[in-house]
Amino acid sequence: MEGISDLLHGFSVVLSWTNFFYMLVGIILGVIIGVLPGLGGANGVAILLPLTFSMPPTSAIILLSCIYWGALFGGAITSILFNIPGEPWSVATTFDGHPMAQKGQAGEALTAAFTSSFIGALFAVIVITLAAPLVASFALQFGPAEKFSVFFLAFCSFVGMGKEPPAKTIAAMMLGFALAAVGTDTVTGSLRLTFGSTELLGGFDFLIAVIGLFGIGEILLTMEEGLSFRGKAAAINPTVVWQTWKGLPRYWLTMLRSCLIGCWMGITPAGATPASFMSYGIAKRSSKDGGKFGTGEIEGVIAPETAAHAAGTSALLPMLALGVPGSPTAAVLLGGLLIWGLQPGPLLFVEQKDFVWGLIASMYLGNIVGLAVVLTMVPVFAAILRVPFGIIAPIILVICAIGAYTVHNNSFDVIMMLVFGVVGYFFKKCNYPLAPLVLAIVLGDKAEEAFRQSLLISGGSVSVFWSSGLVGTIMALGLVALFWPAVSNLLGRLFRQRSPA
Amino acid sequence: MSNTPQASGTPGPRQRTVEACVALFVLALGTITIIGSLQAGIGWGEEGPKSGFFPFWVGLIVVLASVVNFVRAVAISPRRLFAEWSQLAEVRKIVVPMAIYVSAVPWLGIYLSSALLIAGFMRWLGRYGWPLTLCISLSLPVLTYVTFERWFLVPLPKGPIEDWLGL
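Line by line, the protein sequences are chains A and B. First residue of the first sequence? That's 37 in the numbering used here, and the numbers climb one at a time after it. First residue of the second sequence? That's 598 in the numbering used here, and the numbers climb one at a time after it.
No lab work stands behind these hints: they were computed from the structure. As the structure is a computational prediction, the values presented were derived from the model and not from experiment. The beta carbon of each residue, even a glycine, is placed where N, CA and C say it ideally should be. Warning: the hint list may mix true and false statements.
Claimed, not checked - Listed next, the stretches of chain A that the computed footprint assigns to chain B, with coverage defined by at least 3 CB atoms under 8 angstroms from CB atoms of chain B:
#1 371–383
#2 409–419
#3 434–447
#4 481–488
Unchecked claim - A short list of chain A residues far from chain B (calculated; beta carbon distances all over 12 angstroms):
#5 P169
#6 W278
#7 L284
#8 G508
Unchecked claim - With a straight-line cut-off of 16 angstroms between C-alpha atoms, the simulated EDC-like cross-links for lysine to aspartate or glutamate are:
#9 B:K690 with A:E182
#10 A:K465 with A:E261
#11 A:K465 with A:E260
#12 A:K464 with A:E261
#13 A:K464 with A:E182
#14 A:K465 with B:E681
#15 A:K482 with A:E182
#16 B:K690 with A:E261
#17 A:K389 with A:D42
Throw the hints in and build the complete structure from the sequences for me.
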């Protein structure tokens, strides 16, 4: 198979001491970022992105993607030991993870969380390895209309699948598109929406928005809630790991189901957070111990963690193959690719073989290294959380400011970061989703370009989006996703009519 | 949450008020987008749709969605609190120093401002002693300098102190 030989070539690209060093640094930094409040995967990667401009792209993406894996692992530590989800996708892990820690089974819970994360990620990487070449060859037939339909599907999924009210999701998302439109029009090169301000000529950079919305906003929320970290002690020793591992194969069905949910939610950009909740819910309903969920069932840790990692990892497939990221962190990585001069999309697989397969190979290795690092270093990471907030908060603020400045070497960006931070705080408190806002800022120009090019080809007729089977199908899927709550309601009613219970 | 509106004064702003304000804020941004798009032209030009075409529709959707959000916000029970005043005071303790910090960066440089920010936080919010405060607030800028300017060769904004030190 061509995929396998490409993958082996990828391993030969990755396996050097420098890259291994970056992998290790990335994982450790990532876990720290995942553990600290206010520094998540997305803005951790955003802050470090400018530092990688001088590195070769393959090493840079290894470093940054490993930070992402590390952050995914790190979220579990705070959820289980401190009952504080370090990341939104580990909220579901707290339901059973923290009760386990209270019962004195912190070691078992952490081992189960890390191992199932690892399995979820591994499953997703295998899916990427097998599906990437197919998706890429398929995507070669894509014209502007097809491209726009993929963006349409991505954004509709947010509206229909999100747990926030649809009008709020739409408002946040469209605001993102509006912010993306500020500055130079990429199609004609003319200026728009700047209202004569020189600061706005370059438009809004999504990295600034990410650092502000996720970083500063998170700190403000933490400050308001007055969090005090009082966690359970954790000691993982080889005996506990071995005992837990022996018990895990019993839950193979839960794991498989969670992997599938995760991959589906990651590829259609719903993301890791809904995937973890959905997987937890389904496991609770189908398990024979479902009634005991919430009191410290190991299955309640396995299900959300597997799905979150499968989703987080598979989110990179649409990013690489189509240029549509499946999560905010994937969006930041996409921004990195563009800055390194790599155009994501089907041609990337043909023109930048070393890079793509190097990245995929690094996903395998990064997750193995990650599992080893987190299993051995949990006490160190837990100690970081015991540093008082009065010290850690200003340090995080300074790191965010430096990160915002280095994006364009511009002090105005630091001010914008604070503005985004305050907006992010109010949006979060009012239940506006931030992920579609960020994705819209990243993809705004490309979605608009595809839309206008399609209209140009058709001479202004919107029917171009229904003109062929492919584009029509994707648009129809988008509409189904957009009205998903209504559609699923209708299906449910039809089903009930046929079999009255 | 236990909140009794008849208690002395209100314990904090209402969720209803804040959500309505956020909806109006988003509505205003949508309106600005529409105005800007109209200035750029929303019709059909020589090279296809003009610059304002796409943002115009985007702005229109923002406005429509905000109207829905505003109506929904007004319907929220007046008993639901956004946050308590004491909690908002905690948030202000970060926002005000941050606002001073970001406006000081262009004048003082990022190193001096960062040291002052960390020292201020640790001394007045964390109530730490001077030795620990000085140790952390001075070591982070030095660490940043070494990492960014020496290792990765990324220049950061500098002020009078760096000029005086000749860096």
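Results for each hint:
1. 371–383: Violated: only 0 residues of the segment 371–383 of chain A have a Cβ under 8 angstroms from chain B.
2. 409–419: Coverage by chain B is violated here, the residue count being 0 at a Cβ distance below 8 angstroms.
3. 434–447: holds (count 7)
4. 481–488: holds (count 3)
5. P169: Holds, since 33 angstroms exceeds 12 angstroms.
6. W278: Fine: 40 angstroms to the nearest Cβ keeps W278 of chain A off the interface.
7. L284: holds (40 angstroms)
8. G508: Nearest chain B Cβ is 21 angstroms from G508 of chain A, so the label holds.
9. B:K690 with A:E182: violated (49 angstroms)
10. A:K465 with A:E261: Holds, because 12 angstroms separates the two Cα atoms, which is no more than 16 angstroms.
11. A:K465 with A:E260: Holds, because 11 angstroms separates the two Cα atoms, which is no more than 16 angstroms.
12. A:K464 with A:E261: Answer holds: K464 of chain A to E261 of chain A is near 13 angstroms, not above 16 angstroms.
13. A:K464 with A:E182: The hint is violated at about 33 angstroms.
14. A:K465 with B:E681: Holds - the C-alpha atoms of E681 of chain B and K465 of chain A are around 13 angstroms apart, at most 16 angstroms.
15. A:K482 with A:E182: holds (13 angstroms)
16. B:K690 with A:E261: holds (13 angstroms)
17. A:K389 with A:D42: holds (8 angstroms)
Comparing the model with each numbered hint stated earlier shows that hints 1, 2, 9, 13 do not hold.
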